[in-house]
Structure formats: structure tokens, C-alpha cells
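Student: Start from the sequences, fold in the hints, and give me the full structure.
Each chain, written out:
Number of protein chains: 2
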Amino acid sequence: MEKNIRPLILVSNDDSIEANGVHALIDVLVNFGDVVAVCPAHPQSGQSMALTVATPLRITRVEDYKDAKMYKVNGTPVDCIKLAMHTVLDRKPDLVVSGINHGSNASINVIYSGTMGAAFEGCAFGIPAIGFSLTDHSPNADFTPCLPFIHKIVKSVLDNGLPQGVALNVNIPNSIPHPTEMRVTKGCKANWSDEYRKYTDPWGGTFYMLTGKFVNEEPDNTDTDEWCLSHGIVSVVPVALDRTAPSDIDTILNILT
Amino acid sequence: MEKNIRPLILVSNDDSIEANGVHALIDVLVNFGDVVAVCPAHPQSGQSMALTVATPLRITRVEDYKDAKMYKVNGTPVDCIKLAMHTVLDRKPDLVVSGINHGSNASINVIYSGTMGAAFEGCAFGIPAIGFSLTDHSPNADFTPCLPFIHKIVKSVLDNGLPQGVALNVNIPNSIPHPTEMRVTKGCKANWSDEYRKYTDPWGGTFYMLTGKFVNEEPDNTDTDEWCLSHGIVSVVPVALDRTAPSDIDTILNILT
Chain A
1 MEKNIRPLIL VSNDDSIEAN GVHALIDVLV NFGDVVAVCP AHPQSGQSMA LTVATPLRIT
61 RVEDYKDAKM YKVNGTPVDC IKLAMHTVLD RKPDLVVSGI NHGSNASINV IYSGTMGAAF
121 EGCAFGIPAI GFSLTDHSPN ADFTPCLPFI HKIVKSVLDN GLPQGVALNV NIPNSIPHPT
181 EMRVTKGCKA NWSDEYRKYT DPWGGTFYML TGKFVNEEPD NTDTDEWCLS HGIVSVVPVA
241 LDRTAPSDID TILNILT
Chain B
1001 MEKNIRPLIL VSNDDSIEAN GVHALIDVLV NFGDVVAVCP AHPQSGQSMA LTVATPLRIT
1061 RVEDYKDAKM YKVNGTPVDC IKLAMHTVLD RKPDLVVSGI NHGSNASINV IYSGTMGAAF
1121 EGCAFGIPAI GFSLTDHSPN ADFTPCLPFI HKIVKSVLDN GLPQGVALNV NIPNSIPHPT
1181 EMRVTKGCKA NWSDEYRKYT DPWGGTFYML TGKFVNEEPD NTDTDEWCLS HGIVSVVPVA
1241 LDRTAPSDID TILNILT
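The listed protein sequences correspond, in order, to chains A and B. The working numbering numbers the first residue of the first sequence as 1 and each following residue consecutively. The working numbering numbers the first residue of the second sequence as 1001 and each following residue consecutively.
Hints in this document: simulated from the structure, not taken from any laboratory. Remember, predicted model here, so these are calculated numbers, not experimental data. Wrong hints could be hidden among the right ones.
Claimed, not checked - Okay, the calculated beta carbon distance ranges per label pair: (1) A:247 with B:1251: 15 to 21 Å; (2) B:1176 with A:200: 50 to 56 Å; (3) B:1148 with A:253: 17 to 23 Å; (4) A:158 with B:1060: 47 to 53 Å; (5) B:1214 with A:200: 19 to 25 Å.
What the hints assert, rightly or not - Okay, derived cross-link-like pairs now, DSS-like style, lysine-lysine, Cα gap no bigger than 30 Å in a straight line: (6) A:92 with B:1189; (7) B:1092 with B:1072; (8) A:189 with A:213; (9) B:1092 with A:189; (10) A:92 with B:1155; (11) B:1189 with A:69; (12) B:1069 with B:1155; (13) A:72 with B:1198; (14) A:213 with B:1092; (15) A:72 with B:1213; (16) B:1066 with B:1155; (17) B:1213 with A:92; (18) A:92 with A:72; (19) A:213 with B:1155; (20) A:69 with B:1198; (21) A:198 with B:1092.
The C-beta atom is built at its ideal place from N, Cα and C for all residues, glycine as well.
Tutor: And the structure:
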């Protein structure tokens, strides 16, 4: 395969350019094409599709990692994808890949996830996009179990594409023994309760820190990402860029008239 | 109607507690129930469903506006809704209303909108939720044309509810003459191009500021929010909290095997 026809793969994440997860991801991706990584300079967990509106953004090249060109941006994952498209890349990427996130983005977490924010933004540019997450928040998590699944999924998507407007939310359990199976499945219905811990500062003021308890609303449903993850199986959930619900138009018409 | 059975309405926005838009919204809402507004202390446009993960959040009561209790939070619109639910309210609200945003949230903008982030978060708590936006970015925009539509929509939703997981994205044109009609319609397919302006700082460094040109991909389609807005008609688009796409599972199975 000639150098100039290798696929171009744009990488981002939400744990920052320093995170081990994005380096593990690049370890796999350099086998498939030319890799450019544009990642946040600082951690951006929970940034969803936030973009920076009113402050200056800077993009800075840092040291290459393997054959990948590496850049950092003082913004969100969405900023990274947008700036990459507008300032770094000379052609449209064949694939956008985000991750590997340190922590699960299964179930309801997908709506808050910065990792998936970058993937959705790739989707908005009409590029096949995948987010990968490992269910281990540790900065020193072992990403080895992810690598064969990333290899298989990236190869398939480069070969076959994805439906327009649809990205993949891939979550990999940190189970022992390592996962050997993956399933295409549904996002589990769930919510978060007890979301804040209350503190008193040294001057008597009150502040809150995000915490929370994950509540699985369908623990017995075997056709969900949470079920897969708790049974040592990699989950692949198709997710949509479009947030509109045209099938509800008639219902809303009845409600409003 | 007795005081203790009046509906409880939780209000937020993304333009901050200082914005005229949220005060115009409250002008209408106090006619319907007990109003508690929990808004960002500082502007949060483009914050989507971002939440604050690693820094302390503070919620501070400020002066009442009319009969509404007013609070500010040093965070995002999603933080505001979550903190309101966990620290301020003693019962589940009957309605979450976000806005009135200074600027359009029609079409693709819904995915980045902090205003709609607050509405989606209301939806995540299982509460009927509505976001209102006026197509005028000015801090001194005239919100008068919005008020009869807000009155009508809020009354209908308090009376009839909304489908679980579905919120309303309401955009109001700042057209002259003022709008007299509203339609329940679809989100317009669109994208943003030329998204950044490049600058040189006093020390020779390069930075970028978000700008962009809105590109309507279906200008002749009369069944979209953009068409309504450009014809002086209020648009109501049902939007979904759920970002998963279970109808694509079989397609993805074929792609991956």
C-alpha cells in the first residue's frame, strides 16, 4: 500500500494528551494509516459536546508518538476535532477515533461523555467515528485487553464505513479473564442518584463535589451494554448525532392543540 | 387554586442569572406556579450537556425576582439542574423550562446548546422539559414576541405532559411583524463551515476564535425549523434525551462481521 493512499485517522480523547489511553489507541491505529492526534491539553471528562465560544483557542504541536503527529488544544474534545479539521488536516479523515477513555461510557453516560463528544463531532463532519472506553478509571489502567477489539472494529469500519449520522460507543470491561467476545447491543436504561457530596470550606462556606450512584433500571435485561460489561463481554452500541424525535411530532401536535 | 398545590417550575438558562431572557421567561411562568430559577453565574453558551467533574460547585441564593426564588451556580446548565434537584427543591418539579436563550438553537445548534442541555437534564430526571430561544443575540433583545407562545406551550404541557424522554426545542423568530403562528416541525439538516478566525497575539503566537457560517442543507424543505424561522413562524421541534440508535443494530452487525 503506498504511503499517500493510506487512510487518514484523526484521534482525540477527553483525558488529555498525557493519558495512557490515547497512546494505547495509537499503538493499534498506526497499523492502519496516517494518524494525527489532537487532544485536550487538560482533562475534559464530562464535557459532552461543549465547545469554547468566547475565549482564544491555541493548538500546539508536541512530540510525535510512534508515527503519529500529536497536537494539544486548550479546549474541549469538540474543539479538538473542529480545530483539527480547520487548521491541521489537509484532507478529510477516513475515520475519527476517540479514547481509549479511562472509565465507562456505557448507558446514560454517553450523553455527558467528552470522549463520545469528539466521536459525535466527527459524525457531524460526515466521518465514520468510534469512541472506545475501558471500565477502569485508573490512570495506570491496563489497556491490553482493548487492543484486539480495537483492531477488529477499526478494520471493519475502514473497510465498510458506518451509516451516515451514526457512531459507535464501544465499552470494554476490565474483567479477568480478559474479554474474548463482543456484542452489538442497546444502551441500558439507567440514572444517577445521590449525585453530590457536601463539604464545608475553611471559612464556613458550603460547596459540592460530583459523585453519584449508578442505578441500573433494567438489571435483568440481557440485551444491554451494562449486562455485557458485567458479564465480561465488550459492548458496541450504535449512537446517533441527531437529537430530534420526528416520530413524536403527531403526539406533540395533540398536546399543544 | 391553593398555594400548596400550585405546580412547581424549575427554570435555568445558559446566558447566566443576569440575562434579560430568563427574567422575561419568569414573567410568564409566575402566572402558572411556584418558580425556582437556578442559573449559571456566568455565561455558558455552547456548553451542551457538560457537567463539572473535578472542581467545587457552589449554589448561592440571590434576590428574588417577582415571586421567583433565584439562585446562581458557578457551573454549567446541567450542573444547575442537578444541584437544584439535590440541594434546593423539596419536591419533584412539574416542569423544567430553560431560556429564553439570546440566539437561535434551531437545527444542528441543539446538540451544542447549553439552554437545551438544561432541558435535556430535566428530561433525564423524568420531568417534562422545554427550551425557549429567540433568534436575536443582543443582550437587549425584545422578548415581547415570545411571551404569548411561552404562555400557550407551558399551559399545554402542564395540562398534558410530554412523552417520557422527549423535550421541546422552541425557537421564536425576531421578525417584524411579530410572529402569530407556530408549527411543530423537524430539525433542519445543516452544518457550520469556516468555523474559526485566526489571530496573532502581541508576542507573535497564533490563536483562534469560534465564528462560522451556517449552511442550510435543505433550504427548500418547508417542513423544517429553519424554514419556519425565516418565514416568521415559531418552530417547535421534539428532541430526545436518548442518543442511542437501536434501529441500526443489524446494520452494525453486518459491518462488524
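Student: To test your reading of the hints: which numbers does this structure violate?
Tutor: 5, 10, 11 and 19
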